[in-house]
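S.K.: Just so you know, the protein sequences line up as chains A and B, in that order.
Take 1 as the starting number for the first sequence in the working numbering and just add one per residue.
Take 1 as the starting number for the second sequence in the working numbering and just add one per residue.
Treat the hints with care, as some may be off.
[Stated by the list, open to error] In silico DMTMM-like pairs for lysine to aspartate or glutamate, Cα to Cα no more than 25 Å straight-line:
{"no.": "1", "chain 1": "B", "residue 1": "375", "chain 2": "A", "residue 2": "31"}
{"no.": "2", "chain 1": "A", "residue 1": "155", "chain 2": "B", "residue 2": "197"}
{"no.": "3", "chain 1": "B", "residue 1": "375", "chain 2": "A", "residue 2": "154"}
{"no.": "4", "chain 1": "B", "residue 1": "297", "chain 2": "A", "residue 2": "125"}
{"no.": "5", "chain 1": "B", "residue 1": "375", "chain 2": "A", "residue 2": "17"}
{"no.": "6", "chain 1": "A", "residue 1": "140", "chain 2": "B", "residue 2": "75"}
{"no.": "7", "chain 1": "A", "residue 1": "155", "chain 2": "B", "residue 2": "343"}
{"no.": "8", "chain 1": "B", "residue 1": "58", "chain 2": "B", "residue 2": "41"}
[Claimed, not checked] Ranges between beta-carbon positions, derived for each pair:
{"no.": "9", "chain 1": "A", "residue 1": "86", "chain 2": "B", "residue 2": "78", "range": "49 to 59 Å"}
{"no.": "10", "chain 1": "B", "residue 1": "78", "chain 2": "A", "residue 2": "94", "range": "39 to 49 Å"}
{"no.": "11", "chain 1": "A", "residue 1": "85", "chain 2": "B", "residue 2": "342", "range": "54 to 64 Å"}
{"no.": "12", "chain 1": "A", "residue 1": "1", "chain 2": "B", "residue 2": "223", "range": "41 to 51 Å"}
{"no.": "13", "chain 1": "A", "residue 1": "28", "chain 2": "B", "residue 2": "30", "range": "36 to 46 Å"}
{"no.": "14", "chain 1": "B", "residue 1": "62", "chain 2": "A", "residue 2": "114", "range": "48 to 58 Å"}
Honestly, the hints are just simulated from the structure, not real lab data.
These numbers were taken from a predicted model, which means no experiment stands behind them.
We put the beta carbon where it would ideally sit given N, CA and C, even for glycine.
Listed below, chain by chain, are the residues.
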Amino acid sequence: MNPVLDLLLQGERLSTEQMAQVLGLSEVAIEAALKQLQAEGKLLGWRPVLNPEAGEETIVRAVIEVKISPEREGGFDKLALRISRFDEVESCHLMSGSYDLLLFCSGKSLRAVATFVSERLSTIDGVLSTATHFLLRTYKEQGYLLVANPDVADKPAVSP
Amino acid sequence: MSAKRFIANHVVDLPRSGIRDFFAIVSQMPQAVSLGIGEPDFVTPWHIREAAIYALEKGKTSYTDNRGLIRLRQEISRYVESDFGVSYRPDTEILVAVGVSEALDIALRALINPGDKVLYHEPCYVSYSPSILLAHGIPVGVPTLAKDQFALDPAALEAAWEPGCKILLLNFPTNPTGGVANRKVLERIAHFAQEKDLLVISDEIYAELTFDGEHVSIASLPGMRDRTLFLHGFSKAFAMTGFRIGYGCGPAELIEAMMKVHQYSMMCAPILSQEAAIEALRNGRPAVARMKEQYHKRRDFIVRRFNEAGLDCHTPQGSFYTFPSVATSGLKSLDFCHRLLKEEEVAIVPGTAFGPSGEGFVRASFSMSYENLIKAADRIERMVGRLVDSGATAAVNNAS
Ligand SMILES: Cc1ncc(COP(=O)(O)O)c(C=O)c1O
């Protein structure tokens with residue numbers, strides 16, 4: 001894997017200068033690598049991972065199972081992309097199994113999400129049915145556990 | 001009257017660990033960045049912790065066979081055979097202990113007659129010399145040198161031999177130097193052990209954390225299995241220090257002798273740790289590989305930074321320790337560490353804590369986040385810069 005990407009994925013927040021130190025590259029080289037990763041579409045963005053339980057953003061999240069009918073040209077892709085473009089849709093995946101698309105959606109309120117489903121999503125031609133499940137509580141978010149860090153204070157600062 | 005009169009002479013005479021002295025100071029400074037830790041910064045992989053929880057839920061709260069659960073000994077037997085190339089029988093040739101610490105202690109107690117001499121290379125793990133003394137043996141230290149990357153020079157070992165030497169204690173990769181021994185060196189050491197009829201105790205607790213080249217166990221060399229006690233554990237590679245679990249493998253008579261000491265002093269290793277260890281051996285390889293990769297990268301980084309900072313730092317071939325020289329600072333190890341702690345709030349361990357040959361060196365662990373490694377390296381660089389400048393000024397003043 002690209003070493004810059006590999007380092008980013010470890011999730012430590014490092015400045016360009018620090019990343020340059022760690023990887024033994026120049027800061028210019030780090031910036032160039034990041035630009036290239038974005039240009040190649042490998043690195044999509046820089047959004048922080050928030051704790052949904054911490055109440056920093058009051059949003060309601062739902063997963064929605066969607067059945068759609070594939071089109072003669074473009075199969076599922078055209079419709080999936082069309083659905084993906086809605087701001088409410090955080091991510092959209094084509095699934096194997098009893099439904100076709102799985103959406104992760106969010107909105108300011110339960111009502112906002114419900115409205116999106118009933119007025120936007122289900123009225124689209126080709127959407128056969130939807131099943132909406134609201135998220136009640138999060139225990140792990142994108143690899144981060146939502147529990148207090150283990151009490152490392154017990155670990156001696158110097159040991160043999 | 002002081003209660004001290006009750007203490008046994010050989011315990012009174014036992015020096016305190018240099019690490020403990022240093023720890024006492026560091027613990028007053030919670031804000032300090034510490035590269036002084038001798039354990040993984042990772043917590044035990046979850047699947048292993050989960051196995052311990054499951055065992056607890058199942059009500060596994062009893063003693064076990066003194067030797068350890070047979071299922072664990074079977075897993076150990078398979079693991080040691082596949083990774084170290086020596087085969088041991090689970091029923092008679094393997095003993096599960098409370099860490100390599102206990103395995104080493106009972107081995108020495110089972111083998112040493114008062115006055116027997118034990119050869120070991122230093123700088124080394126802080127317990128070696130005291131453990132030998134506590135078993136009424138006589139430690140005979142053989143220095144390893146920076147010019148050899150702290151590998152044991154067989155010629156130095158041969159020169160250090162004296163009548164009465166019975167045991168040779170080896171530790172590769174080495175805490176604190178990261179030194180290793182390649183096959184050629186080990187073959188010569190093995191030959192020496194056979195010639196002098198020495199029993200070898202080989203502490204291979206950092207074996208999985210060998211970054212360059214293959215790890216070779218001396219027990220796997222021709223003729224060595226019958227005169228070697230192979231000690232290993234879960235603390236380092238599996239990040240299981242708190243589980244306190246390790247093992248010894250060797251000829252049945254020796255394991256039986258260790259068993260005698262173990263059954264009367266320890267009874268058995270904790271059952272929950274044994275269950276966790278079974279899971280570690282069955283399914284822990286991917287986690288070990290992931291952690292090792294991290295250590296490897298951090299090693300390359302911190303060695304480079306120390307050298308840039310003006311400390312002469314060889315590349316440790318294994319373990320998670322660097323052992324740079326502080327010669328450029330003009331200070332002794334202990335003074336360097338004290339000043340670094342006071343002036344820059346970075347804790348590292350003076351090399352002298354690991355034996356007299358550690359003078360002029362310090363141990364800095366890279367079992368630490370990049371953020372802290374960077375912080376520590378920056379601060380060390382700052383202090384070395386100051387010291388070198390003032391040293392240069394002093395030299396000019398002396399000359400004029
Ligand atoms: C060389 C060496 N041997 C043994 C030990 C003790 O290991 P355990 O946790 O298995 O008792 C250590 C721990 O630092 C060590 O560095």
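S.K.: A separate judgement is required for each hint: does it hold in the structure or not?
M.R.: Hint by hint, here is what the structure shows:
1. Only pairs whose Cα atoms come within 25 Å are accepted, and residue 375 (chain B) paired with residue 31 (chain A) is accepted, the gap being roughly 22 Å.
2. Taking the CA atoms of residue 155 (chain A) and residue 197 (chain B), the gap is near 42 Å; set against the 25 Å cutoff, the hint is violated.
3. Straight-line distance between C-alpha atoms of residue 375 (chain B) and residue 154 (chain A) comes to about 22 Å, which keeps the hinted pair within the 25 Å bound.
4. For the proposed pair residue 297 (chain B) and residue 125 (chain A), the alpha carbon gap of about 53 Å is over 25 Å, so the pair is violated.
5. For the proposed pair residue 375 (chain B) and residue 17 (chain A), the alpha carbon gap of about 13 Å is at most 25 Å, so the pair holds.
6. Between residue 140 (chain A) and residue 75 (chain B) the alpha-carbon distance is near 33 Å, which puts this suggested pair outside the 25 Å criterion.
7. Proposed proximity of residue 155 (chain A) and residue 343 (chain B) is supported: the alpha carbons are some 24 Å apart, at most 25 Å.
8. Restraint check: the Cα-Cα separation between residue 58 (chain B) and residue 41 (chain B) comes to about 30 Å, which exceeds 25 Å; the hinted pair is violated.
9. The given range of 49 to 59 Å is respected by residue 86 (chain A) and residue 78 (chain B), whose C-beta atoms sit roughly 55 Å from each other.
10. Between residue 78 (chain B) and residue 94 (chain A), the C-beta spacing of about 43 Å keeps the proposed range 39 to 49 Å intact.
11. For residue 85 (chain A) paired with residue 342 (chain B), a C-beta distance near 60 Å keeps the hint of 54 to 64 Å intact.
12. Taken as a hint, the range 41 to 51 Å holds for the pair residue 1 (chain A) and residue 223 (chain B), whose Cβ atoms sit roughly 45 Å apart.
13. Separated by about 38 Å at the C-beta atoms, residue 28 (chain A) and residue 30 (chain B) satisfy the suggested range of 36 to 46 Å.
14. Between residue 62 (chain B) and residue 114 (chain A) the beta carbons are some 56 Å apart, a value that agrees with the proposed interval 48 to 58 Å.
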